[in-house]
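The listed protein sequences correspond, in order, to chains A and B. The first sequence: position 137 = 137 (my numbering), numbered continuously. Whatever position you read off the second sequence (first residue = 1), add 306 for my numbering.
Among the hints, erroneous ones may be present.
Just so you have them, the derived chain A footprint on chain B, three or more residues with Cβ under 8 Å [what the hints assert, rightly or not]:
| hint | segment |
| --- | --- |
| 1 | 314-324 |
| 2 | 332-343 |
| 3 | 488-501 |
| 4 | 539-551 |
Derived CB-CB ranges, DEER-like [as the list claims (entries may be wrong)]:
| hint | chain 1 | residue 1 | chain 2 | residue 2 | range |
| --- | --- | --- | --- | --- | --- |
| 5 | A | Q292 | B | A438 | 34 to 42 Å |
| 6 | B | G361 | A | R284 | 51 to 59 Å |
| 7 | B | S408 | A | G249 | 30 to 38 Å |
| 8 | B | A438 | A | S20 | 27 to 35 Å |
| 9 | B | D573 | A | G55 | 46 to 54 Å |
If you're looking for bench data, these hints aren't it; they were derived computationally from the structure. Predicted model only: the values in this text are computed from it and were never measured. Where a beta carbon is used, it is the ideal one built from N, C-alpha and C, also for glycine.
What follows is each chain in one-letter form.
Number of protein chains: 2
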Amino acid sequence: MDIQARIQNAMERHFHQVLSASTPPTLKAAMQHAVFPGGARIRPQLCTAVAMVCGEDDTSLTDAGAVALELMHCASLVHDDMPAFDNALLRRGQTTVHAEFSEPIALLTGDALIVMAYQVLLSQRAQVRSSAAHSQRLLEMMDILSQGVGAPSGIVAGQAWECETKVDLWQYQRAKTGALFSASTSLGAVAAGANPAPWHVLGESLGDAYQIADDIRDVIGHMDMIGKPVGQDAEHGRPSAAQALGLEGANSQFKHLIDTAAKSVPDCVGRDLLRGMIFKESERLVPQQAYQAYLQTHQRTQVSMA
Amino acid sequence: MDIQARIQNAMERHFHQVLSASTPPTLKAAMQHAVFPGGARIRPQLCTAVAMVCGEDDTSLTDAGAVALELMHCASLVHDDMPAFDNALLRRGQTTVHAEFSEPIALLTGDALIVMAYQVLLSQRAQVRSSAAHSQRLLEMMDILSQGVGAPSGIVAGQAWECETKVDLWQYQRAKTGALFSASTSLGAVAAGANPAPWHVLGESLGDAYQIADDIRDVIGHMDMIGKPVGQDAEHGRPSAAQALGLEGANSQFKHLIDTAAKSVPDCVGRDLLRGMIFKESERLVPQQAYQAYLQTHQRTQVSMA
Numbered sequence: 001m002d003i004q005a006r007i008q009n010a011m012e013r014h015f016h017q018v019l020s021a022s023t024p025p026t027l028k029a030a031m032q033h034a035v036f037p038g039g040a041r042i043r044p045q046l047c048t049a050v051a052m053v054c055g056e057d058d059t060s061l062t063d064a065g066a067v068a069l070e071l072m073h074c075a076s077l078v079h080d081d082m083p084a085f086d087n088a089l090l091r092r093g094q095t096t097v098h099a100e101f102s103e104p105i106a107l108l109t110g111d112a113l114i115v116m117a118y119q120v121l122l123s124q125r126a127q128v129r130s131s132a133a134h135s136q137r138l139l140e141m142m143d144i145l146s147q148g149v150g151a152p153s154g155i156v157a158g159q160a161w162e163c164e165t166k167v168d169l170w171q172y173q174r175a176k177t178g179a180l181f182s183a184s185t186s187l188g189a190v191a192a193g194a195n196p197a198p199w200h201v202l203g204e205s206l207g208d209a210y211q212i213a214d215d216i217r218d219v220i221g222h223m224d225m226i227g228k229p230v231g232q233d234a235e236h237g238r239p240s241a242a243q244a245l246g247l248e249g250a251n252s253q254f255k256h257l258i259d260t261a262a263k264s265v266p267d268c269v270g271r272d273l274l275r276g277m278i279f280k281e282s283e284r285l286v287p288q289q290a291y292q293a294y295l296q297t298h299q300r301t302q303v304s305m306a
Numbered sequence: 307m308d309i310q311a312r313i314q315n316a317m318e319r320h321f322h323q324v325l326s327a328s329t330p331p332t333l334k335a336a337m338q339h340a341v342f343p344g345g346a347r348i349r350p351q352l353c354t355a356v357a358m359v360c361g362e363d364d365t366s367l368t369d370a371g372a373v374a375l376e377l378m379h380c381a382s383l384v385h386d387d388m389p390a391f392d393n394a395l396l397r398r399g400q401t402t403v404h405a406e407f408s409e410p411i412a413l414l415t416g417d418a419l420i421v422m423a424y425q426v427l428l429s430q431r432a433q434v435r436s437s438a439a440h441s442q443r444l445l446e447m448m449d450i451l452s453q454g455v456g457a458p459s460g461i462v463a464g465q466a467w468e469c470e471t472k473v474d475l476w477q478y479q480r481a482k483t484g485a486l487f488s489a490s491t492s493l494g495a496v497a498a499g500a501n502p503a504p505w506h507v508l509g510e511s512l513g514d515a516y517q518i519a520d521d522i523r524d525v526i527g528h529m530d531m532i533g534k535p536v537g538q539d540a541e542h543g544r545p546s547a548a549q550a551l552g553l554e555g556a557n558s559q560f561k562h563l564i565d566t567a568a569k570s571v572p573d574c575v576g577r578d579l580l581r582g583m584i585f586k587e588s589e590r591l592v593p594q595q596a597y598q599a600y601l602q603t604h605q606r607t608q609v610s611m612a
């Protein structure tokens, strides 16, 4: 089974395991809407890939970690799309949860998905009972996940920086996106019983790269390409690397971060495979052809206006 | 130290342990506003009392459970007060989080408090590392807490039932309030290494009693007495026991539930003490003098109108 199929399988299995028939039907439908069909599932991919190259010995622990990460990500998207924040009507090419259901349901959906992430990890409780080491892995995974999401420096804190008048761009972006990427690599390593420390740089630089890519696509992108409205950063006055560094500066920084990520992969059996995945993903994040095309049109426009 | 002081102490200790100086300042202030000075802290009291009468051997585990319960409760209040739900401006006699800060910050505050509840429990990870049994307690506590909060039947599901057109009043109330009360007694038992099963009835009946008391106070109460606006159930068209059973029916049911709760306390050293606490709490929940006064005025009004 390839990684994407494995993740999809685990997502569906865990989703239906937690949500029994007694769940309020609208809440259940909204949670389903928030999680499926889903986007690139990049965080669970990263978690699973790291666990595999670390020689995982407990695939269900990895799967639970991967699913938990994605649920947290989906929760943050649901709340982020609400009128109090982006007031977005489209996400991944379909209506957002509050637009499809209602604001109260969207609020509860996010809350329930956050708790569900822990429920998925805790579903491994019975399996790890016989092994003190695996119990410790499970606790460490929940700790890493919490750090990636909560205060003081997880994605919730990242969002909260948007509400401050004085913001350090890198601290903001590190928290808003980097924190959960960093958690992804660490979670994969811990699920496989490995030391998470050598995997921090990979998670952090990929997270930073992902955030910059998001800023770049927000400028150059077509809605078809990214499945949500473009120009949101400027419209909401959010700090953006593409604004701070200029588009070309941002693209250079993006490439530099991808290189840093690839070089950081510790010596392990699947090192080349993982590096290949990183470069492939980078092309998906900022298609260089689209970037060049935008740049040429933009430069032509500037010249013709001069 | 009495229970209230012990809880206050634990709340402050854990709060400042999780929120380092690098937390976005507005988020931190809003979380502080949501949690302190706090209300009756009834859930942590219940958890702590049960752990004590079960002969607790790890007070820090009990404290972490008690704090986690209260953080979940505070998170639900913050989100529940938001314009998408009650649009309440007052809570515990002070402005609500969204009114004092902003809607985005209130949304994030609730999210961060949910995650913080797990962070507080996970802070015990180092202490339990040396004992497989204590690691299992910690995992079970997180599992119980998640069930009390998330889907399919925790407090989030309870809120979601408000968004359905067909609702079973008892299923709704059991989830909306009962679930976290039930988690409180179970968490206390597990923290002390005891079997949670004999403590279910106490949690459930107190939760039901508490919800009915809330409905009764919503009818008879003065805002001074309960620190938030009255008449909210009728205004928001929410299912209410005081409407379903009539005020006197609701008061009889309340008394019956308090009796059931008191009788359910399993045979243990502090049984009489705990029963005393339950009866004292019941008087705080529905002051019978205020109830009688309301009833007399109301009946007089009906007579004079006849």
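So, going through the hints one by one against the coordinates:
1. Proximity of the segment 314-324 of chain B to chain A, defined as three or more residues with a beta carbon under 8 Å from a beta carbon of that chain, is not established by the 1 residues found.
2. Using a Cβ-Cβ cut-off of 8 Å, 4 residues of the segment 332-343 of chain B lie near chain A, which meets the minimum of three, so the contact claim holds.
3. Chain A is given as covering the segment 488-501 of chain B, and this is violated because 0 residues of the stretch bring a CB closer than 8 Å to a CB of that chain, at least three being needed.
4. A count of 0 residues in the segment 539-551 of chain B with a Cβ less than 8 Å from any Cβ of chain A is obtained; the coverage claim is therefore unmet, three being the minimum.
5. Checked against the given bound of 34 to 42 Å, the beta carbons of Q292/A and A438/B, roughly 58 Å apart, lie outside it.
6. Under the hint 51 to 59 Å, the C-beta atoms of G361/B and R284/A, about 58 Å apart, fit the expected range.
7. The hint said 30 to 38 Å for the Cβ distance between S408/B and G249/A, and at roughly 32 Å that hint holds.
8. At roughly 30 Å, the beta carbons of A438/B and S20/A sit within the given window of 27 to 35 Å.
9. Between D573/B and G55/A the beta carbon distance is about 52 Å. The supplied range of 46 to 54 Å therefore holds.
Consistency note: the structure conflicts with the earlier hints numbered 1, 3, 4, 5.
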